[in-house]
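Visitor: Here are the chains, one letter per residue:
Number of protein chains: 4
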Amino acid sequence: MFTHEARIRVRYSETDQMGVVYYGHYAQYFEVGRTEAIRAMGLTYRELEEAGILMPVIELIVRYIRPARYDDLLVIRTTIRELPGKSITFFSELYNEQEKHLTSGNVTLAFVRKSSGRPCAPPAALLDRLGPFFV
Amino acid sequence: MFTHEARIRVRYSETDQMGVVYYGHYAQYFEVGRTEAIRAMGLTYRELEEAGILMPVIELIVRYIRPARYDDLLVIRTTIRELPGKSITFFSELYNEQEKHLTSGNVTLAFVRKSSGRPCAPPAALLDRLGPFFV
Amino acid sequence: MFTHEARIRVRYSETDQMGVVYYGHYAQYFEVGRTEAIRAMGLTYRELEEAGILMPVIELIVRYIRPARYDDLLVIRTTIRELPGKSITFFSELYNEQEKHLTSGNVTLAFVRKSSGRPCAPPAALLDRLGPFFV
Amino acid sequence: MFTHEARIRVRYSETDQMGVVYYGHYAQYFEVGRTEAIRAMGLTYRELEEAGILMPVIELIVRYIRPARYDDLLVIRTTIRELPGKSITFFSELYNEQEKHLTSGNVTLAFVRKSSGRPCAPPAALLDRLGPFFV
Chain A
11 MFTHEARIRV
21 RYSETDQMGV
31 VYYGHYAQYF
41 EVGRTEAIRA
51 MGLTYRELEE
61 AGILMPVIEL
71 IVRYIRPARY
81 DDLLVIRTTI
91 RELPGKSITF
101 FSELYNEQEK
111 HLTSGNVTLA
121 FVRKSSGRPC
131 APPAALLDRL
141 GPFFV
Chain B
11 MFTHEARIRV
21 RYSETDQMGV
31 VYYGHYAQYF
41 EVGRTEAIRA
51 MGLTYRELEE
61 AGILMPVIEL
71 IVRYIRPARY
81 DDLLVIRTTI
91 RELPGKSITF
101 FSELYNEQEK
111 HLTSGNVTLA
121 FVRKSSGRPC
131 APPAALLDRL
141 GPFFV
Chain C
11 MFTHEARIRV
21 RYSETDQMGV
31 VYYGHYAQYF
41 EVGRTEAIRA
51 MGLTYRELEE
61 AGILMPVIEL
71 IVRYIRPARY
81 DDLLVIRTTI
91 RELPGKSITF
101 FSELYNEQEK
111 HLTSGNVTLA
121 FVRKSSGRPC
131 APPAALLDRL
141 GPFFV
Chain D
11 MFTHEARIRV
21 RYSETDQMGV
31 VYYGHYAQYF
41 EVGRTEAIRA
51 MGLTYRELEE
61 AGILMPVIEL
71 IVRYIRPARY
81 DDLLVIRTTI
91 RELPGKSITF
101 FSELYNEQEK
111 HLTSGNVTLA
121 FVRKSSGRPC
131 APPAALLDRL
141 GPFFV
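Protein chains in written order, with our numbering: chain A, 11 to 145; chain B, 11 to 145; chain C, 11 to 145; chain D, 11 to 145.
Bound conformation, chain A alone (with noise of 0.2 Å):
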């Protein structure tokens, strides 16, 4: 298993009128989550998509426990729980300064070769990384 804890302080243009966080943004959330994960591994994914490798998102899933409000720093915690096969699923939870849970979710993406478009396996650089949290 592999964990990465970032952190990320909501914008006033996150809001929306309810004075809570927008439903549609926790997707950039989850993303600033997995960029700095896979960075944490020695790796950058805008390196992976200059070697040619998309990474399309096939599957979003958000579970809405606490809203998230204007000028919180946020925790997002993010886990690959399974070696990356036709896919790559991370689990994204997010919690505020008071540790309180506000958010689950889960993306999986595909990794596709930009010049044909067809689904690929992932790339090499991103199983050496991960190898060491699956043993």
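No lab work stands behind these hints: they were computed from the structure.
Among these hints, one or two may not hold up.
Copies of the same chain look alike in the list, so a pair counts if it works inside one copy or between any two.
List time: in silico BS3-like cross-link candidates among lysine-lysine, alpha-carbon distance up to 27 Å [stated by the list, open to error]:
id: 1; residue 1: LYS124; residue 2: LYS110
id: 2; residue 1: LYS110; residue 2: LYS96
id: 3; residue 1: LYS96; residue 2: LYS124
Based on these hints, arrange chains B, C and D on the given structure of chain A.
Guide: What follows is chains B, C and D alone, placed relative to chain A:
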């Protein structure tokens, strides 16, 4: 069963550098679908909110089949399969102009009294309009 | 002078906790106005881009007079006052259903060849359509 | 003069199909710059709002020099050149990691009492913190 179709033109702002609509923006498309479905019943979500009922989202699921692209004129089909109780679930399906199925999803919202922040029954106005579709 | 009017319904996602449209989202409304103005000429921005012309924004100015609110059906009036040269400027004015003037602004875009990344002349197709409005 | 620097990592959601940050999203970056500048003074915008002061934006100007790209770690330098009177203007400059100047802009906000919706004087707490920088 209640079904409604709305049309949405993809904005440039909604694309990302993969050249397709960013995965988080479908939540907004689903919202437009819900809003127009409620308007087609002869109500508006704005009025429900002004009458003191908030409808926070408690679950979002999106399955991505094919990407939507810039300037696509999308059809969003919104379906309510059951009369609302403690919550209401909207099923959303997105199609492009070639009638290709792009995305499926569903959004579940609770009913909350604005004054108290407590769960409440669905607004009578909503039940009145939906009733005839479920006899 | 070329003028075009489009309609935009304010989405819940576009409001913020002040209860009005977030100031950054007007850039998207202006973009919808430009896109529809170009479509009304018999072109699409999508085609211009597919033909190898990019139009990056070089300046944005917005003056906020009155706020737009959730579910408002806005009129966006887009005007081109001069034939494009090295750049093109779109003037945008936003009105609500009560014909109150909400926002004024203008967006200036350059013409860049996608293959080279270098500035280029405005596409002939665009000049052809605009010419008759400036005689 | 009061100056503050904050850091922002460009999110995938902020890019568009031109492969760069969408022009409308700089308003959000400027907002993060303002928010962090105020926090550096020992205040928060959240507290100002909770104390009954809203600060609606009345003018936005952005000049785009070079594009920001996905995963860039941007420096946003926010400057206040004059003590606020009826309004306050924040000047924003954005730089990338290579210290290239990407964007310049300024945002002017009014002070409005939440209870009445009427213009009001700048909060004393804000003037107190800013005063020493303008002697």
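Visitor: Which numbered hints turn out to be false for this structure?
Guide: Those not satisfied: there are none.
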